[in-house]
Structures are given as structure tokens and as C-alpha cells.
Amino acid sequence: MNLQNKRIDQDKFQAERQEVLKQWPTGGEVNFEEAISYHKAMPKHKIFAEKLAQAKAEGTTLAQPRAGVALLNEHIELLRYLQDEGGADLLPSTIDSYTRQNRYHEAEKGIEESRIAGRSMLNGFPAVNHGVAACRKVVESVNSPCQLRHGTPDARLLSEIALAGGYSDNEGGGISYNIPYAKSVSLEQTIKDWQYVDRLVGMYEEHGVRINREPFGPLTGTLVPPCVSHSVAIVEALLAAEQGVRSITLGYGQCGNLIQDVAALQTLTELGAEYLERFGYKDVMLTSVFHQWMGGFPQDESQAFGVISWGAATAALAKATKVIVKTPHEAVGIPTKEANAAGIKATKQVLNMLRDQSLPETAELLLEKEMIKAETRAIIDKMLELGDGDIAVGTVRGFQAGVIDVPFAPSRHNAGKILPARDTKGAVRFLDHGNLPFNKEILEFHNQKIGERGLEEGRVPSFQMVIDDIYAIGKGMLVGRPKK
Amino acid sequence: MNLQNKRIDQDKFQAERQEVLKQWPTGGEVNFEEAISYHKAMPKHKIFAEKLAQAKAEGTTLAQPRAGVALLNEHIELLRYLQDEGGADLLPSTIDSYTRQNRYHEAEKGIEESRIAGRSMLNGFPAVNHGVAACRKVVESVNSPCQLRHGTPDARLLSEIALAGGYSDNEGGGISYNIPYAKSVSLEQTIKDWQYVDRLVGMYEEHGVRINREPFGPLTGTLVPPCVSHSVAIVEALLAAEQGVRSITLGYGQCGNLIQDVAALQTLTELGAEYLERFGYKDVMLTSVFHQWMGGFPQDESQAFGVISWGAATAALAKATKVIVKTPHEAVGIPTKEANAAGIKATKQVLNMLRDQSLPETAELLLEKEMIKAETRAIIDKMLELGDGDIAVGTVRGFQAGVIDVPFAPSRHNAGKILPARDTKGAVRFLDHGNLPFNKEILEFHNQKIGERGLEEGRVPSFQMVIDDIYAIGKGMLVGRPKK
Amino acid sequence: MKNKTVVLGVIGADVHAVGNRVLDYAMSTAGFKVINIGVLASQEEFISAAIETGADFILVSSLYGHGEIDCRGLRDKCREAGIGEITMYVGGNLVVGKQDWGKVEKTFLEMGFDRAYPPGTMPDILLEHLAADLSK
Amino acid sequence: MKNKTVVLGVIGADVHAVGNRVLDYAMSTAGFKVINIGVLASQEEFISAAIETGADFILVSSLYGHGEIDCRGLRDKCREAGIGEITMYVGGNLVVGKQDWGKVEKTFLEMGFDRAYPPGTMPDILLEHLAADLSK
Ligand code: B12
Ligand code: B12
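Residue numbers (our numbering), protein chains in the order written: chain A, 1 to 484; chain B, 1 to 484; chain C, 1 to 136; chain D, 1 to 136.
These aren't lab readings, by the way, just hints derived from the structure by calculation.
Built from N, CA and C at the ideal position, the CB exists for glycine as well.
Just so you know, not all the hints are guaranteed correct.
Derived, one-sided and incomplete: chain C residues facing chain A with beta-carbon distance under 10 Å [to be verified]:
#1 Gly19
#2 Asn20
#3 Ala30
#4 Leu40
#5 Ala41
#6 Tyr64
#7 Gly84
#8 Asn93
#9 Gly97
SDA-like cross-link-like pairs, simulated, lysine to any residue; straight-line CA separation at most 25 Å [said to hold, decoys possible]:
#10 B:Lys483 to D:Lys136
#11 C:Lys106 to A:Glu113
#12 A:Lys373 to B:Lys483
#13 A:Lys483 to B:Lys56
#14 D:Lys136 to D:Gly84
#15 A:Lys373 to A:Ala401
#16 A:Lys337 to D:Lys98
Facing chain A, from chain C, some residues (calculated, C-beta under 7 Å) [said to hold, decoys possible]:
#17 Ala13
#18 Val15
#19 Ala17
#20 Val18
#21 Gly31
#22 Val34
#23 Ile35
#24 Val39
#25 Gly102
#26 Lys103
#27 Pro119
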């Protein structure tokens, strides 16, 4: 395959760029030099990397919602509300699903239908259709940094427009925005397309404008074992660093067991630094993001507040740099601005009450950290081996071989062999590890944990147990116990 | 003083009893023998001590709301709603403030006004005015055990009526329902009156009916250091045991620092067992209750959900036998049944998600436990010394001497010399320990903690710092930092 | 339920795969022949799969909020393709936001679905209704 | 605020002492002479304290919900006692339950209070208003 983890050369990039900017009329609005000066004129408190660096230094956790609607003014009103009423520290623009699939015509249709219906018919903000000027209107209407949050396999045009539009952070990656978000797009393709996005960010960096990048940690959001999401996040960090990215936020989605979640968040940046170091990427600023439970939520709003608050508590105790907030409407539909603000307010109350507290280090915590590190190293090193030292190639071959495998992912290019399940304390373990390259010690650890669960429940661990765990939090539990 | 910690003799009790039952017409409805058989006919799942014992054995935490309104049918409807919609494991009848002050005429007026106004004009359920038959109607209308929750210095008649009415648990005590709930009533008087209540419970016990007793742990609910509430709770346990009580729930109100709260809850029952043992009270079943933050709440309902959920998380991690639930209306007014159920649902979601998790033992936790134990022993042993071995006498003299002292208490018989304040991690320490009989080591510990806080905030610890801490949670923080 | 065939898929630009996997498992275990066309399925894919397999049901999932836009015209396309009478269910988080279910259900029944299901519907309900409609 | 006197107390069967302590501290620090009759204070106690000290203000707190019942008739009693014109404020959690503040305020102003305050009012607001009413 003509893919490798190597910085795209300038001419090739510029050539490709001409094509990209032609994909939709608004691409014409992009002017890189002008964008650079636009960013340089932005006040520090509206630059993502600056605010993250400050939070990291102070050891505090920032709160960020998800939010996006079809129409520009409504979107601005929404973000302003989340900032003023909700007290959001960081702002998003969550992109609609047509744009994510580069279906700009359908997005256009959605915009019209929304105008007619008088309510958003799209599940996000169609930034490409709105264009650079509109994005700047958004950024200029708020007092906090804005991030592009999507789920786009090919985000080249979207990123060009949003960055030129003043956004200073961009979520995603060639793996994390393919495997959970696509069915048949090849990994070669999405890795290449995200190398383009990372290269673009690298160029901003080289021109003195720091854009933060955030691999999407939670993947399918459903019982994803830490080592799986860690491996993906770290690989994407390596790919980004190679293209010149210097500010990266590594992400992880809450599983629900406090010890495992804290261990996961701590190992995430520790492992990230370890691998960046190993490949000689100097002075990359690493921060962390903790996502409140990303799987099925309870429909009852009070119960949802319980899940949200527990996620906030874990984020604070783990000292995440930021936490992505869910809302009391999660199980039902895109939240109203009020419901969205409610989730932020509950979250910030807990973050503030716990800002001076942390989870003391214990034997249990150290064991979890050791296991996660061993598992993650096993996966990444195997990918490197398969790629003959090239992590881009290794990623593609790794997914083919199933040595990296994401549970419940829709992509054909994902083996889908592993089965996660909770142990007796709710930590996510492997019921079936598929082809993950684990040694005997790791496998015995997981077998023992899952075995205990089976014994406790008097049943043979099976897919039914997995299903019970998928539903558990939505039904007010963590571990999906069989009905008595 | 003619007060001592000695079981009331039968004749004296019966004589007093005639007087008590005459205090209000409904006293005439009380028939002890008949009440015994009524209780014996009750199914296990409606007996408080039974359900607590089961939870203790399983290591789970039960959720109980506060609730009470003026009129009988409305009260029943309220409890049913909290049981069915809220999923409450244990039910209360919170008594109105006139009844708490034995002002039955005003309570009667409140009942009438409520009938006219069509809404409850009383802040609780006036059980005395409603009488024995009405209480039984309540108990028979629900499927969970019912507890009497009040704040009554002289609860003799109220207890006679409620226990005859089928309630199987009674909150309060001669100290915990005097110092925070009265101004000039003497401790001799309330201790005597509660010896009567405990003796009554003892008689039920001797006739084969187990009634649980619960000293009111949180006291003034506002920055009460664990050793203060522990001392009161344990003294009341000793007084109760002497009168023949055999099932006791020791209570503690959340302070907000996880380590301190877990340490407090664990030491509470450990110290309780230690002292009961020391005075030879055998086979007393001890359980624990954790009260979600009892001080000023945030007015915003989403923020209140955050406080409620953090309390639930702490209760679960500390493995309390039950948790008393607050509501999103806390800062504003007596909750609607919907708001009350909402608090329970958020709480149970968190309890269920954490039921299989606990806080691992750490050096920090052990230190907190050691300090709380040393402080509590110092206080109780000093009271015993002052009472020449009699804890009833020692309590009265102890309060006179200020060797036991409750912050912000309205009672004239409380020294009111101590000042609590939070340390840099939010744990409640002594800014001024008044006359508490602490040794050098303990004092240095607190001075150091408060000193650190002062340094961090660049101000001399003073009453202003205490006020800032009083408001902190209501304003969305834990530690009341000075405005920058 | 032996040799009854169901076409299952998630319509439009929707990639929510978990519920799809669970429904597949539930129906297969119950004895149905499940043709799972997975996520990102177009109206055309549903119809051709149904024709090729002579399916008895088409089950459409839409979780991501665009269900209203994505499902319009599916019944007409079925008619044109000559399977106008096939029983069709739809379920998931059909519209954007928390809306009154009564209204939403009406919208989708009028679109030509035989049954529509609110968020978080459990598989056993689906199995019940499949059985009921088969015994008609 | 030198040598201006306020009578402060918590009315009825109410024992909430924390706010009372904070208000006392705030006003004393601001230079007021605070006569704090504490919790469980009857209407009579408020009035006699005000007469004995020639107070300029009566500040009534009610947190526990019975404020409506406890405060009725206080203004009349003041008149009877010959201090009918004294400035009276009331604040706290005045009624049972979360009710519309506009209505609640009206109720208490009609009862004869010069100012009424919703739950959670901060002391600085009180100090402002005391100053304002004094400079009248
Ligand atoms: C996990 C999840 C994700 C994962 C999905 C991973 C994957 N590839 O599967 C990730 C993180 C990638 C994701 C992405 C997005 N998601 Co999402 N996601 C969820 C979440 C939290 C859980 C879904 C789930 O797996 N549930 C568990 C399964 C078992 O249940 P289920 O999916 O509901 O399906 C059951 C029932 O619905 C029913 N059912 C479903 N179909 C049918 C059909 C029939 C005939 C019947 C009878 C029953 C039936 O049976 C199923 C089994 O019980 C839900 C919210 C929630 N439910 O808590 C949001 C949710 C569905 N997502 C939502 C959105 C908007 C998105 C995004 C657009 C991002 C964004 N803007 O926030 C992208 C969309 C990407 C795309 N193009 O589709 C919204 C949809 C909003 C709306 N409808 O108004 C939801 C509701 C969250 C919210 N409130 O905003 N998401
Ligand atoms: C701590 C507390 C207690 C403690 C009190 C300890 C003590 N002796 O002081 C304990 C646990 C003993 C307790 C008992 C009860 N409480 Co209580 N308690 C509270 C709580 C949680 C905080 C009160 C507090 O200290 N706040 C901090 C201080 C600084 O603020 P504050 O008291 O609100 O006062 C400020 C303002 O109100 C204002 N203010 C007050 N008065 C005035 C007057 C003027 C003129 C002005 C300008 C301003 C002003 O300034 C003060 C300083 O900023 C409140 C709910 C809340 N606020 O979160 C419930 C609350 C006041 N309690 C309530 C009730 C009902 C009770 C009980 C009846 C038990 C029950 N049924 O639940 C008993 C009553 C006992 C009795 N007879 O009075 C209810 C009142 C309901 C209503 N009004 O509809 C509340 C609102 C809780 C609730 N939502 O149910 N309580």
C-alpha cells in the first residue's frame, strides 16, 4: 500500500489541497495566510491549547458540552446559552451526520427543512455548508475557545473551513473517526485523509498558530476496554505528531468502575508520553479528556443526573484536563439548550466540590495501571511489528489481523471478534479477546475476572452477559446481573 | 441532679406514662399489649430492623427520603409516590415543627388551615393530632418499613402514639434532639424524656418486638466535625442500650471530603461497638446512616443534583447501611413529591452503579480514622470522667464545661465556643476547638491543616473563613475561597 | 418463527450499530432468518434485500435523529418494486430531540410503517409483535 | 450606621440558627447595634425587645415554612404597643414549598412588612437596604 507514517511533502499537499477546496463552493472562502493572521489576532482566553495548558498547570478539570443545530443564529444562541447559563469552560460545534458523510447536498436540504419546520432537522451544525465567514461569526460570538467535534472519515474540507473559521481545536483521527463511524471506508483512505488534516494543523503550528488535536477516545462508547481505546488514541497521536501537530488531547470514555477509570486516565497520558518520546517527537503538549459514560443512558432524567454526576466525580478524582458532559435528555434525543446546560451545571458542581481532592494511589490502582500498560504495549508493539516499524502500515495490517479490535464497531475493516464484559466490580474485561496479542499472564487475569463474575451469577459467561451489560446503566445498574 | 444512666424502674415508668398519655386526647388510643400483637402480625419486609439487618449482611446501601405533610390522605399519597415512583427502600414520616415543640393546638390550627388552603401549611405530618389509628393507616398503605423522623425534645407522647401506630423505627435522642432543636430546654429534661422513649422501645423489645432507634447524627448539619457528632451519637447509643434498646443506627452528616467522610462512617460503628462492648451491652445490632450534605444547598436544581449524587457516591463507597436523600428543591422549600422522588432516583442510580465498589484502604484513610477515634475517645472519656462514670450526668456536665460543643447550635446549654473550617482539601477541621479536651498532638494536627488553608488563601483564618465555608456548597464550591 | 425472514438495517447516514447487533441476536435466537444489512443502509438496499430473500418483514432502525428525512417515500418505493404490502416496522430515536411520542408515532405510521417504536424499546416487545402479526 | 439598633430573631417554632448568626455578624461588623433574640422567638419578644432598646428596625427570619402563620398580626401588635411605624423586614424560606416569589412577597408586604426577602438572600443586600431606608 502507498501509505506510510511520513510527513506529507509540501507540493503533494498543495496539489491535493486545490482538489479538496473545490469539493463544495465554500471551500473557495479559505485563505491560509489570512487565516493565520486571523488566529494570531485572537485573545489567549479563546485559544484552546492555551486554556488547556492553564488547566493542566492548575490541576483543574474543564467542562465542555456537545452541541450543534442546523441554522447559524440558532447555533450561536445555543453556544451563548451554554456559556452564560451552563457555565461551560470550553465550547463545541458538533457537526451533523450528513456533513460527516460528506453529503453536503443532503445537509443543504436539512438546512432548508429546518428553516421551514422552525426546528433543527439536523443533528448538528453543517459547518461546510455555512462556510468560513459563518464559522468566524460563531467564534466571535462567544468568550471561550471553540472546538470542531464530528465523526467524519474524510474531514479535509470540513477542517480547512473550520480552522480558517477560527476554531482552535479539532476532534478525530483516521482510526477513531472511521471504525466507529463508517462501514466500508478503508483505513488506508481515512488515515491518509487525516494525515492531511494533521498536516494542515502542522502548517498552522509552523506559522505560529497552535491548533489542538483530539483523537476521539470513546470509539463505540460501549464497553470499550481501556487498552483498546488507548492503543487507538496513542497511534493517532503518533500519526499527528509526525505531521507536525504539537498539542494533543488524549481521550477516554468512562467505563464506570472508579479504580479502572482513574487508572485508565492516568496511563493514557503516561503511555502517550512514552511512545512520543520513543519516536523522538519532542515538546508535544499532552492533555487528557474524560468522557462521561458514552453508552446507553437511563431515560429518567433524575437517573441521568446520577450517571452524569458520577462521571464528573471520576473525572475530578482522576484529574482529567477536561470532561465531556452528557445531558438528562441523552437517552431520548438531542438535548434542548436547557437540558444541555443542566448537565453542565450538575457536572461543574461536582468538579468544583472535588477540585482539591484526588484518589490516593493504592495497590489496586497500581495493578490496574500495570495491566492497562502491558495490554496497550502488547497491542501497539504488535502493530509496529506488522508495519515493519511504520505505525500507519501497522495500523492497517493490525486491524486486518485483529490484533487491534473495537467492540460493536460497524466497520467491515474491524475484526469484531472481541467480546467485553464487566467483572464483579464493574470493571470492563475481556470475555473473548479475539486475536489481541496478549500473553498468558494477561489472559489469565481476564479469564479469572470473568470467571468470578460467572460464578457469582451462577451462569456461564456468554453473549447474553454482554447484552445485559450493554443495557445495565440504562436500567439503573452498572453490572448487568441476571434477573432473579 | 436526679439524673442517672440507669434503667427506669417499671412502676415509675408506668406512673409517668399515665401522665404522658393524657397530654392530648389521642393518647387515649394507646394500648401497649394490643400494639405488641399488632407489630407481631407485621410482615418481615415492613420491619425496619429486619430490612437494615439484611442490607448490612449484603453490604448494600438503602435509600430513604424525608417527607411529611399536614393531612392524612395526602401524606399517604406522598409516601406511596416515593415508594412507587421514587423507589424508596425505607419510608419516613417527618413530623411538623409545632408537634416537635408539643404545640398540639397550633398543629391543629395548621391542619385546619391546610384543609382550607388546599395545600400543606405545616412542614410535616402531625402524628399526635392524627393519632394511633391514622398512623396505622399510613403504615398499612405502604410496602416498606416506616420510621418516625422529627426533632422533638420531648417525644414521649409522639413516640407512644407512633410506635402503637406501627412505626418500627424512631429517630432522635436526648442530646441530638435538644441542642440543634431547642433554645432553653435543659439537657437533664431531654435526656430523661428520651430515657422514657428508649425504655418504651426496650419494653417492645422485651415483648419480642424489635424497634430500631437512630440518634440524629448531623446535629446542626453545618460543618460539624466528625468527632463531635460521633461523640453525641455514641453517648445516645449507650443511653438507649441501658434502657433495653437492641437495634441502633448511628448517623453522620456528609462533610464533603471523600476520605474524611469514609473514615467517619467507618469509625462511627467501630467506636460504637467499642463503647457498647466496654459497658457490657451485648448483642446490640449496629447499623449506619449517611446523610447527604445537611447544610445550605445550591438553589439551582441541576447543581443540587450534583450535590445529591456526590452524597450518594460517598455513601456507597463508605458502605453505609442507608442514606438519607436530599432533593433538588432543598434550598428553597419542602419538596413536591416529584422533586422528592427525583432525589431518590438520582441517588439510587449512583448507589446501584457503585454497589460493588468501595474505597480501598490507604494511609490517608487510616490517618483520618485514627484522628477521629482519638478525638472522639478524648471527648467521651472526659464526659465519663466528669460524670464519675455515669454518662448521663457526664453529658450534662460535659456540655456545661464545653468539653462537648456543637457548632451553630441554638441551645443555651451549648457552649458554642468551637469554630469549624475546611482545610485545603475540604475536610472539616477546628479553627477554634473551644474547650474540647484535645491533647497536643490533636491540636497540632488541626492547627497545621487550618494554617495550610490560611497560607494557600493568603489570609488569617477567621470567622469570615467560616462564613465562606458555610456558603460554599450553596455557591457551587466545597471550600469557601475568598473572591479574587 | 421457523423460516420467517426479516430484513434488518439502520437507515441513512446512521452508524449506530449496537442496537442492530442486539436485535439481530434476539431475532436469530428466536428462530428468525435475519438478513442484517447493517448501518448506513439506503432505502434501495432494504428493498432489494427484501426482494432477493422474499422477506416477510422490513425492520428499519434510525437512532441519530434524521429518521424523518431518511424514511420518507420508503413505502412508495416498495410499491414500485412490487412489495407494497410487506410489513414494515421502524424504531429507535426517530426524530431530533425529545418530542411527544404520540405525534412522532403518527408521523411514521402515516409514512406507511405498520408499527413504530419509541427510544429504548426492548427486543422482547419486538418479538411479541412479530409473532402477533404473523398469526394474523 | 453608628448607634442604629436592630432587633433580630427567628420567629415561631423555628430553630434555624446559622443564618441568624451570620446576619448578626454582618450587621455588627457594619456598625449596627444588634439585639439578637435568637431562635424560637415569639411576636411579643420581638416587640418588647424593640421597645426596651428603642430599636430602629425589626428583622424577622423564618426558615422552616410556617412564616405565614407565625407572622400574621405582628404589625397590629406593634401598633397596639405604640411602635406601629417601626420598619420591619422579613426573610428566609417564608412559606412551605417552592412557590412563586412574587405572590409570597405580596402576602408578606400586605401583612405589614416593609421589605420581604426570598430564600438565600445575602447579607450585603440587607445592609444596602438598611442604609437606604435610614437615609430616607
Ligand atoms: C453509543 C452511542 C453512539 C456511538 C455509536 C457507536 C456505534 N457505531 O454503534 C457513537 C459515540 C459513535 C455515537 C455517535 C453519534 N451519535 Co450517538 N448515541 C449513542 C447512545 C449513547 C447509545 C446508543 C446505543 O448503543 N444504545 C444501546 C442499544 C442496545 O440501544 P438502541 O441503540 O437504543 O437500540 C434499541 C432500541 O432503540 C430499539 N430499536 C432500535 N431500532 C429499532 C427498530 C425496531 C423496528 C424496533 C422494534 C426497535 C428498535 O431496540 C434496540 C435494542 O434494544 C445514544 C443515546 C442513548 N440511547 O443513550 C446516542 C444517540 C443515539 N446518538 C445521537 C447522536 C446525535 C449521535 C451523533 C450524531 C453525534 C452527536 N451529534 O452527538 C453521532 C452520529 C453518528 C452517525 N452518523 O450515526 C443521539 C440521537 C439524537 C436524536 N435522535 O435526537 C443520541 C440519542 C444521543 C443524544 N441524546 O443526543 N453515538
Ligand atoms: C441546616 C438546616 C437545618 C438544620 C438547622 C440547624 C440549626 N439549628 O440551625 C437542622 C438539620 C436542625 C434543620 C431542621 C429542620 N429543617 Co432545615 N434546613 C437547613 C438547611 C439545609 C440550611 C439552612 C442554613 O443554615 N443555611 C445557611 C444560612 C447562612 O442561610 P439561611 O438560613 O438561608 O439564611 C440566610 C438567608 O435566608 C437570609 N435571611 C434569613 N432570614 C432573613 C431575614 C431578613 C430580614 C433578611 C434580609 C435575610 C434573611 O440571610 C441568611 C444569611 O444569608 C435549609 C435548606 C437550605 N437552605 O439549603 C433547610 C430548611 C430551611 N429546613 C427546612 C425544614 C422543613 C426543617 C425541619 C422542619 C425538618 C424537616 N421537616 O425537614 C426542621 C425544623 C426544625 C425547626 N423547628 O425549625 C426546610 C424549610 C421548608 C420550607 N420553608 O418550605 C428547608 C428549606 C429544607 C427543605 N427544602 O425542606 N434544618
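Can you give the numbers of the hints that this structure goes against, from lowest to highest? When the structure is compared with the hints, numbers 3, 7, 10, 12, 21, 22, 23, 25 and 26 turn out to be violated.
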